[in-house]
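Going down the list, the sequences are from chains Z and D. Under this note's numbering, the first residue of the first sequence carries the number 1, and numbering increases by one thereafter. Under this note's numbering, the first residue of the second sequence carries the number 1, and numbering increases by one thereafter.
It should be emphasised that the hints constitute simulated quantities derived from the structure, not laboratory data. Just so you know, not all the hints are guaranteed correct.
Copies of one chain are not kept apart here, so a pair can be met inside one copy or by any two copies together.
As the list claims (entries may be wrong) - DMTMM-like cross-link-like pairs, simulated, lysine to aspartate or glutamate; straight-line CA separation at most 25 Å: (1) Lys215 to Asp85; (2) Lys215 to Glu7; (3) Lys11 to Glu75; (4) Lys11 to Glu100; (5) Lys72 to Asp197; (6) Lys182 to Asp83.
There are 2 protein chains.
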Amino acid sequence: MEEFFYEKELKKYPVVIVADGELPTHHAAITLLKQAEFIICCDGAVGHLETLGFTPNIIIGDGDSITPEQRKKYENIFIENKDIDYSDLHKTIHYCIEHEHFSVAVLGATGKREDHELANLSLLITYGMTINLAYFTNYGIFTPIFSQTTFNSFVGQQVSVFNFSGARVTFQGLKYPVIKRKFIYFWEGSLNESLADTFTVMLYAGKLLVYRAYKTSNNKAAH
Amino acid sequence: MEEFFYEKELKKYPVVIVADGELPTHHAAITLLKQAEFIICCDGAVGHLETLGFTPNIIIGDGDSITPEQRKKYENIFIENKDIDYSDLHKTIHYCIEHEHFSVAVLGATGKREDHELANLSLLITYGMTINLAYFTNYGIFTPIFSQTTFNSFVGQQVSVFNFSGARVTFQGLKYPVIKRKFIYFWEGSLNESLADTFTVMLYAGKLLVYRAYKTSNNKAAH
């Protein structure tokens, strides 16, 4: 059952946002959509939801990425927001905070244009202290943390920790030991490996993004 | 000819590294491979090069991602390096520095596993002052800069600037004006737009990653 190290976590997210990156196809994403109480869709991602056979509760966006047919079909649930300062995903997160949706999983936040991906990932750091927010991609899970956290895992799981602040970090339960170390570059905390069914990341102040890769056939997807 | 805003830049990179992310298919990548004087391949990316019909000059890696048949075929050009502290892409960059290849374009650095992508992107910031380094993806070009730089562009080009330091930055020639501003989060400098065939990013000290998206049919690929 090690592939399903995240099963318990899925229940934490009654609200699901679907963004317009890569089409979500992983088991975790489909499970999240099936059990969602509320699905929010960035306008360009309507096609993703249709492909997967789910219906959004609301659609938010600037309207640039929706066809006239889709606009007509979804006119009752489309919240048009032309604010140029924020991306469509950013607007959906604002909506969640305003409407007190405090535990939100995001699908489709990565893949395709890399600058969207980097901008999207930084929203986890910006809003992860205000609401519980995690991105489930087709390759793994991104979770922002701001204090000591223990994660579900499995032996051999590929784990990367990205430091978005000057925090000193300590890893417990990962193959390559790190003790009160300050990472300057993203590559320094990447490509570690879990030794058991949990691991812990300790930090003394700061903002980290923790990535757990799903299990693959050879549990490796090196670049 | 606005799609080919990067044509002149391609000649700057006689050495090309192919990493094991998404298969490079964009015109810029194929042109780089065609005119390359030296092609270095991360071991897992041998299949990419074979698919594209090019032959590497050397292959570098830990040997985990190469088949026994490939190992046999390429035994004369395979540099096995089992150092666990560095990814295969990292090792190819070390090789370039040691062998005085000072202008290097990287293909296949993004796509697939997102933690590899983030780690790979941070290598631009780590080594971009030592050698000229740029990543050409299927969606755009990442260039690290450490001082004022003017970029080739086209009207309407999507441009994102990511601040990897506390630098104050100024944009000239982009639609949304920025003057001596310090970005804290990646999303703050993302999704700008070029107004002409060049734009300039000014910084007073620091480390930035500049992303220029290729032209697309609607010149938009919003998430």
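With 25 Å as the alpha-carbon cut-off, assign the pair Lys182 and Asp83 to within, between, both or neither.
-> For Lys182 and Asp83, only the inter-copy Cα distance (22 Å) is at most 25 Å; the intra-copy one is 37 Å.
Is it within, between, both, or neither for Lys11 and Glu75, if the alpha carbons may be no more than 25 Å apart?
-> Neither way: Lys11 and Glu75 sit 30 Å apart in one copy and 50 Å across, limit 25 Å.
Can you tell me if Lys11 and Glu100 fall within 25 Å by alpha carbon in one copy, between copies, both or neither?
-> within (17 Å within a copy, 53 Å between copies)
State whether the alpha carbon distance between Lys215 and Glu7 is at most 25 Å within one copy, between copies, both, or neither.
-> within (13 Å within a copy, 40 Å between copies)
First find the shortest C-alpha distance between Lys72 and Asp197 inside one copy, then the shortest across copies, and answer within, between, both or neither for a cut-off of 25 Å.
-> neither (48 Å within a copy, 38 Å between copies)
Pop the pair Lys215 and Asp85 into one bin, within, between, both or neither, using alpha-carbon distances up to 25 Å.
-> between (37 Å within a copy, 22 Å between copies)
The structure fails to meet hints 3, 5 from the earlier list, while all remaining hints are met.
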